[in-house]
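K.L.:
Chain by chain, the residues run as shown.
Protein chains: 2
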Amino acid sequence: MPKLITTRTRIADLGKPRIIVIGGGFGGLEVVKGLEGIKAQVVLFDKFNHHTFQPLLYQVATSGLETNSIVAPFRKLFGSQSDFYFRLGEVKKIKPEENYIETSIGGVKYDYLVIATGAVTNFYGMTEVEKHSSSMKNIVDATKLRNKIIRQLEYALLTEDHEVMNSLMDFVIVGGGPTGVELSGALTELKKNVFPKDYKELDMRNMDIHLIEASPRLLNGMSDIAGQKALEFLTEMGVKVHLNAAVKSYDGYEVVLSTGEKLVSRSLIWAAGVKGNPIEGMNPELIGRGNRLMVDEFNRVKGYENIFAIGDVALMEGDVKAPKGHPMMAPPAQQQGRLVAKNIKNLMLKKTLKPFRYFDKGSMATVGRHKAVVDMKGIRFQGFFAWYVWMFVHLMSIVGFRNKVFTFFSWMWNYFSYDRSNRLIIGRNEEKINQEELSKHTN
Amino acid sequence: MPKLITTRTRIADLGKPRIIVIGGGFGGLEVVKGLEGIKAQVVLFDKFNHHTFQPLLYQVATSGLETNSIVAPFRKLFGSQSDFYFRLGEVKKIKPEENYIETSIGGVKYDYLVIATGAVTNFYGMTEVEKHSSSMKNIVDATKLRNKIIRQLEYALLTEDHEVMNSLMDFVIVGGGPTGVELSGALTELKKNVFPKDYKELDMRNMDIHLIEASPRLLNGMSDIAGQKALEFLTEMGVKVHLNAAVKSYDGYEVVLSTGEKLVSRSLIWAAGVKGNPIEGMNPELIGRGNRLMVDEFNRVKGYENIFAIGDVALMEGDVKAPKGHPMMAPPAQQQGRLVAKNIKNLMLKKTLKPFRYFDKGSMATVGRHKAVVDMKGIRFQGFFAWYVWMFVHLMSIVGFRNKVFTFFSWMWNYFSYDRSNRLIIGRNEEKINQEELSKHTN
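Listed in order, the protein sequences are those of chains A and B. Going by our numbering, the letters in the first sequence line up with residues 1 to 443, in that order. Going by our numbering, the letters in the second sequence line up with residues 1 to 443, in that order.
Hint data in this document are derived by calculation from the structure and do not stem from the laboratory. Please note that the accuracy of each hint is not assured.
It does not matter which identical chain is used: a pair holds within one copy or between any two.
Unchecked claim - In silico lysine-lysine, DSS-like type, Cα no more than 27 Å apart, as pairs:
(1) Lys200 <-> Lys345
(2) Lys324 <-> Lys302
(3) Lys321 <-> Lys93
(4) Lys197 <-> Lys404
(5) Lys302 <-> Lys350
(6) Lys192 <-> Lys16
(7) Lys197 <-> Lys33
(8) Lys39 <-> Lys200
Keep in mind the model is a prediction, meaning the values are calculated, not measured.
Model the full structure from these sequences, guided by the hints.
P.N.:
Shown next as structure tokens:
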């Protein structure tokens with residue numbers, strides 16, 4: 001059989017400037033959209049063939065939403081945009097001096113480059129913890145976690161040893177930011193509304209959900225009242241919140257906290273931080289706090305004329321709204337993406353660039369049914385109304401009209417039925433439980 | 001860390017007879033449903049935690065339906081049925097003399113056993129073909145195939161070698177039964193409506209879809225006119241149908257047909273047959289044609305009082321409607337499942353058993369938009385109306401109300417938009433294309 005002999009990305013030379021965008025997250029999407037109609041070739045590289053709406057990954061992980069509702073194929077999103085090219089591949093290295101990138105599918109030159117590679121989970125060097133815990137940065141992670149949560153309950157049915165059973169039924173979530181808060185809330189709703197019907201053989205009072213936060217409060221990016229209310233909601237729902245507690249070690253079984261306390265669980269979900277995900281080849285001195293690439297006020301990587309970085313991977317200091325860098329969330333990425341698209345046009349037309357100014361629209365997090373916290377320009381509210389606002393804003397933000405519709409229906413369904421229909425174990429060979437796996441079962 | 005020390009299924013002894021059902025396909029579901037209210041413990045074993053609506057797997061594979069729409073968790077289906085137990089595990093062996101089964105999660109005794117393990121793909125001993133081809137018997141297979149179809153197009157973008165490109169863009173489907181016909185139709189619709197927009201860089205005229213059938217006609221289980229019309233529809237749509245042609249060999253690249261013709265494709269989808277999937281431990285002399293377990297007219301495995309087999313895995317001869325055994329399709333399995341539930345009650349009450357008589361409701365297959373063929377009692381029709389009948393019947397048959405609703409919406413969406421929104425590559429590391437994988441890319 002002939003080998004596949006290609007060693008190149010085979011991106012046509014259109015005789016126009018080529019703008020390469022690396023990563024189709026919130027920021028990358030806005031760049032591509034913003035470049036519509038430009039006299040240039042726009043090439044998007046991504047490891048996945050779809051955009052992922054990350055804020056709702058936790059709902060996929062807790063069986064609330066179908067996988068497909070929160071992802072949208074890039075080719076569908078930009079199929080009608082002229083001179084748009086998508087390539088499924090991973091960018092390995094940038095060679096700025098040659099205006100060239102090396103990728104898993106070959107090398108290619110660029111005229112302008114936008115690095116929008118986002119962030120990866122930050123384990124702060126704790127490799128043992130990393131090895132044994134789940135994280136949630138993409139749809140594969142979220143699906144794996146969903147499989148795992150349900151599998152643990154199936155396993156718990158098989159033992160009479162109380163300690164072993166507890167280690168399977170208890171869940172430890174690390175990180176009291178929006179992801180940790182939302183995930184522990186959603187797990188608690190599974191415990192309350194779904195698992196008692198599914199696992200009548202198990203005593204659900206044995207299922208503990210722990211939320212570990214190193215600082216003295218939850219939702220650090222939000223107002224004090226939001227953090228306080230989230231704590232109240234979670235406590236009311238039965239989540240065991242540990243403040244001022246960090247994870248010291250985890251071997252897949254025993255969680256040791258900085259307070260000295262020990263918890264036992266075979267499921268630790270790490271939502272305690274992210275760090276920028278820069279690409280090899282840039283000047284290492286440009287990597288600043290949070291592993292982010294230092295950029296100027298136009299999101300240009302410092303020292304380069306034609307390389308931009310946006311969103312989680314970019315560190316812009318000096319913005320009056322966020323002097324030490326912007327929060328690693330969707331809105332700054334989107335706003336920077338839109339401006340970078342404009343500034344690339346400006347560059348091409350030799351016009352003056354416009355500096356970035358972050359517009360903080362506020363933030364929000366949901367805890368459970370009728371329970372959310374919202375901080376908006378000057379107003380802060382919590383509870384029932386906040387929950388509706390949270391749902392509305394997220395629904396409107398999901399990429400793709402069809403996804404909005406299907407997510408809306410799923411939410412209506414879950415709301416009225418108190419059910420989570422996607423409690424499925426779907427994965428290569430993972431559905432098979434066997435004794436060997438059971439006995440070596442550590443993650 | 002303590003090992004999981006369980007070696008048992010830990011199924012409570014309720015002091016009642018225990019009925020074990022192996023497999024939650026169409027037949028198994030009906031048995032469990034039919035046993036509701038019985039004074040016995042009902043235990044369902046399955047390798048998956050969900051029922052799969054197999055007739056629509058091909059739509060998952062061709063991006064028409066979301067994975068989750070055609071599966072339903074067993075615990076959701078039977079959560080309210082008293083004395084119902086589900087165990088996620090694989091039954092390895094039956095020990096009839098001890099009324100005992102060995103499973104991946106330990107051993108357990110039964111009073112009555114129903115084998116409803118269905119069928120597996122039959123490669124007729126062609127291991128080389130098996131190694132290199134895709135099949136479609138469960139949701140993991142279907143998702144893998146979806147990933148593969150889309151990945152091949154992404155790969156095809158990367159080569160200029162015409163032969164290599166063809167090997168990626170061409171698809172060979174083996175077997176002209178309903179699955180083969182439906183799959184080639186659905187692939188053709190992707191080729192016509194979706195891929196030209198997604199892959200403007202590729203010339204879609206280079207994409208060939210071959211359907212290989214060993215006999216002189218398509219849809220052998222149906223009427224001549226249905227087979228003839230299906231052939232007309234497919235030919236009209238551009239599928240290259242090869243009748244009287246069997247696959248002699250396939251090395252992952254070159255398909256050699258019994259006619260001497262050779263095709264080149266890196267994607268061969270095997271839908272050319274299934275065989276029964278009996279469990280070890282039964283008398284080997286009981287395994288008859290099609291690898292099915294020989295049963296009497298009550299679906300009792302011959303020679304056993306308390307072991308039943310139903311559906312694809314059961315071979316019942318002598319039924320006037322199907323003297324040589326029933327077709328390996330949903331309706332006989334469902335009808336047998338319902339009757340076996342009643343006959344187990346009869347056995348427990350020491351009443352006379354009722355023999356099985358197959359009620360043939362007819363059969364149908366869809367080819368594409370407005371194109372289907374239907375054989376029903378005395379009437380046969382094809383085309384537009386048949387297509388609506390096909391959709392209606394399938395929608396009504398999908399297990400779970402929510403799945404019906406979501407499938408309905410997906411179909412409406414696909415119908416009006418001519419789109420297939422689920423063209424996603426979601427799988428462990430598979431989204432990553434790299435040169436090494438490309439060069440060894442054989443399946």
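K.L.:
What are the numbers of the hints that this structure violates, sorted from low to high?
P.N.:
Result: hints 3, 6 break, sorted rising.
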